[in-house]
Amino acid sequence: MSYTRRTVMGLFAAVSLFAMPHFAAAEEGKLLIGSYPSNPPFEFKNESGTFEGFEAEIAAEVAKRLGLTPEFSDLGFQALFAATSSKRIDVAISSITITKERLGSQSFTQPYYDSDMGIATKKDATLASEADLKGKTVGVLSGSTGEKWSNENKDKLGITEVKGYNAQQDMLLDLNAGRIDAAVSDVPGMQYAFLKMTDLAVKSRIKTGEQYALMMTKDHPLLEKANAAITEMKKDGTMAAIHKKWFGTDAPADSSTLTEQPIPKP
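Residue numbers for the sequence shown, in mature numbering (1 follows the signal peptide of the UniProt record, and there is no 0): -24 to -1, 1 to 242.
Please keep in mind that the hints were generated in silico from the structure rather than gathered at the bench. Cβ coordinates follow ideal geometry from the N, Cα and C atoms, glycine included. Keep in mind that the hints are not guaranteed to be accurate.
[Said to hold, decoys possible] In silico lysine to any residue, SDA-like type, Cα no more than 20 Å apart, as pairs:
#1 K179 with L149
#2 K220 with F20
#3 K63 with G80
#4 K201 with K21
#5 K139 with V178
#6 K124 with G134
#7 K6 with L44
#8 K124 with A143
#9 K172 with R41
#10 K179 with V163
#11 K179 with A104
#12 K99 with F170
#13 K130 with R155
#14 K40 with K201
#15 K6 with Q54
#16 K210 with K172
#17 K179 with I239
#18 K221 with M209
#19 K21 with S61
#20 K179 with V138
#21 K112 with G154
#22 K211 with P17
#23 K110 with D90
#24 K130 with E106
#25 K6 with T45
[As the list claims (entries may be wrong)] Here are the in silico distance ranges between beta carbons for each label pair:
#26 T174 with K194: 38 to 46 Å
#27 P238 with S105: 35 to 43 Å
#28 E77 with D230: 32 to 40 Å
#29 T235 with G134: 34 to 42 Å
#30 R64 with T102: 41 to 49 Å
#31 E137 with P238: 34 to 42 Å
From just these sequences and the hints, can you work out the full model?
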């Protein structure tokens, strides 16, 4: 029986494809976690280069309960979505909001944090509400729900420009320097940053009902187990303790931090 070169190459490609791990977790004993490194108190790198923070601790605890070793990768916010889609990582964290659009291409565990977006400016700025964004340049984190909201409301509110940033720190530095008039982003992260950047403040909240969760590759085989681990953490007080550690307050009794919820469906 003879084979053409094309047939042999085709068989080789098929065997190679079959041999490749279908999910990053196929790497024995590890849960590969992608994280944006400058999003305190949710996740950030300490002086030794190790990831810390509210979500970093949740993801590490989930890995432990799955019998896996957490391994963190430093990725930009937008890169997280490509990394889960391509199965380079198993889990992505970084204040990632569950949305209907994202559920079309990603999977999420049950939420563990409730948040709103906010409009931040310099403390002495007169801008104090959504209506005051008319004629202004607004900074947003590229790929975020803040960017989505700003673009959707640009014409209605008369926003002159929506400027995207790859890092929240760069956005807030430009805000502090007056290169943008306002920033639209998640309230908790900005409030934490403003403990040091004392010339800035959140002037107005945008009620969104946003909830954060672990984002995973679509239909990841560990999704159910990861979700069950989060349920256990809510039941045994681990989640409450992690919240207290990083935010200094008790989570509200009716919040997603303490309330068991199902896996979000598209």
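Here is what the structure says about each hint:
Our distance criterion of 20 Å between C-alpha atoms is met by K179 and L149, whose separation comes to about 17 Å. Note on K220 and F20: the hinted pairing holds, with a Cα-Cα distance of about 17 Å set against a maximum of 20 Å. At most 20 Å may separate the alpha-carbon atoms for a hinted pair to count; K63 and G80 meet this at roughly 16 Å. For the hint linking K201 to K21, the alpha-carbon distance of about 27 Å lies beyond 20 Å, and the restraint is violated.
Our distance criterion of 20 Å between C-alpha atoms is met by K139 and V178, whose separation comes to about 18 Å. Of the supplied pair hints, the one linking K124 and G134 holds, its CA atoms being roughly 15 Å apart against a limit of 20 Å. Taking the CA atoms of K6 and L44, the gap is near 5 Å; set against the 20 Å cutoff, the hint holds. Annotation: proposed proximity of K124 to A143 holds, straight-line Cα distance about 16 Å (limit 20 Å).
Proposed proximity of K172 and R41 is contradicted: the alpha carbons are some 35 Å apart, above 20 Å. The hinted pair formed by K179 and V163 meets the criterion: a straight-line CA distance of about 10 Å does not exceed 20 Å. Using a Cα cut-off of 20 Å, the hinted pair K179 and A104 holds, with the two alpha carbons roughly 5 Å apart. Distance restraint check for K99 and F170: the Cα-Cα separation of roughly 11 Å lies within the 20 Å cut-off, and the hinted pair is therefore satisfied.
For the hint pairing K130 with R155, the CA-to-CA distance comes to about 18 Å; that is within 20 Å, so the pair holds. Proposed proximity of K40 and K201 is supported: the alpha carbons are some 12 Å apart, at most 20 Å. About 23 Å separates the Cα atoms of K6 and Q54, which puts this hinted pair outside 20 Å; it is violated. The straight-line distance between the Cα atoms of K210 and K172 is roughly 31 Å, outside the 20 Å bound, and the hint therefore fails.
Taken as a hint, the K179 and I239 pair is broken in the structure, with Cα atoms around 34 Å apart against an allowance of 20 Å. Straight-line distance between C-alpha atoms of K221 and M209 comes to about 15 Å, which keeps the hinted pair within the 20 Å bound. Annotation: proposed proximity of K21 to S61 is violated, straight-line Cα distance about 24 Å (limit 20 Å). As the CA atoms of K179 and V138 are separated by approximately 18 Å, the hinted pair is consistent with the 20 Å bound.
The hinted pair formed by K112 and G154 meets the criterion: a straight-line CA distance of about 11 Å does not exceed 20 Å. Distance restraint check for K211 and P17: the Cα-Cα separation of roughly 23 Å exceeds the 20 Å cut-off, and the hinted pair is therefore not satisfied. Only pairs whose Cα atoms come within 20 Å are accepted, and K110 paired with D90 is rejected, the gap being roughly 28 Å. Proposed proximity of K130 and E106 is supported: the alpha carbons are some 11 Å apart, at most 20 Å.
Our distance criterion of 20 Å between C-alpha atoms is met by K6 and T45, whose separation comes to about 5 Å. Here the CB-CB span from T174 to K194 is close to 42 Å, well matched to the stated 38 to 46 Å. Judged by the Cβ atoms, the range 35 to 43 Å given for P238 and S105 holds: they are separated by roughly 36 Å. Distance hint check: the CB atoms of E77 and D230 are about 26 Å apart, inconsistent with the given range 32 to 40 Å.
The beta-carbon spacing between T235 and G134, approximately 39 Å, falls within the hinted interval of 34 to 42 Å. In this structure the supplied range 41 to 49 Å holds for R64 paired with T102, their Cβ-Cβ distance being about 46 Å. Judged by the Cβ atoms, the range 34 to 42 Å given for E137 and P238 holds: they are separated by roughly 40 Å.
Hint violations for this structure: numbers 4, 9, 15, 16, 17, 19, 22, 23 and 28, all remaining hints satisfied.
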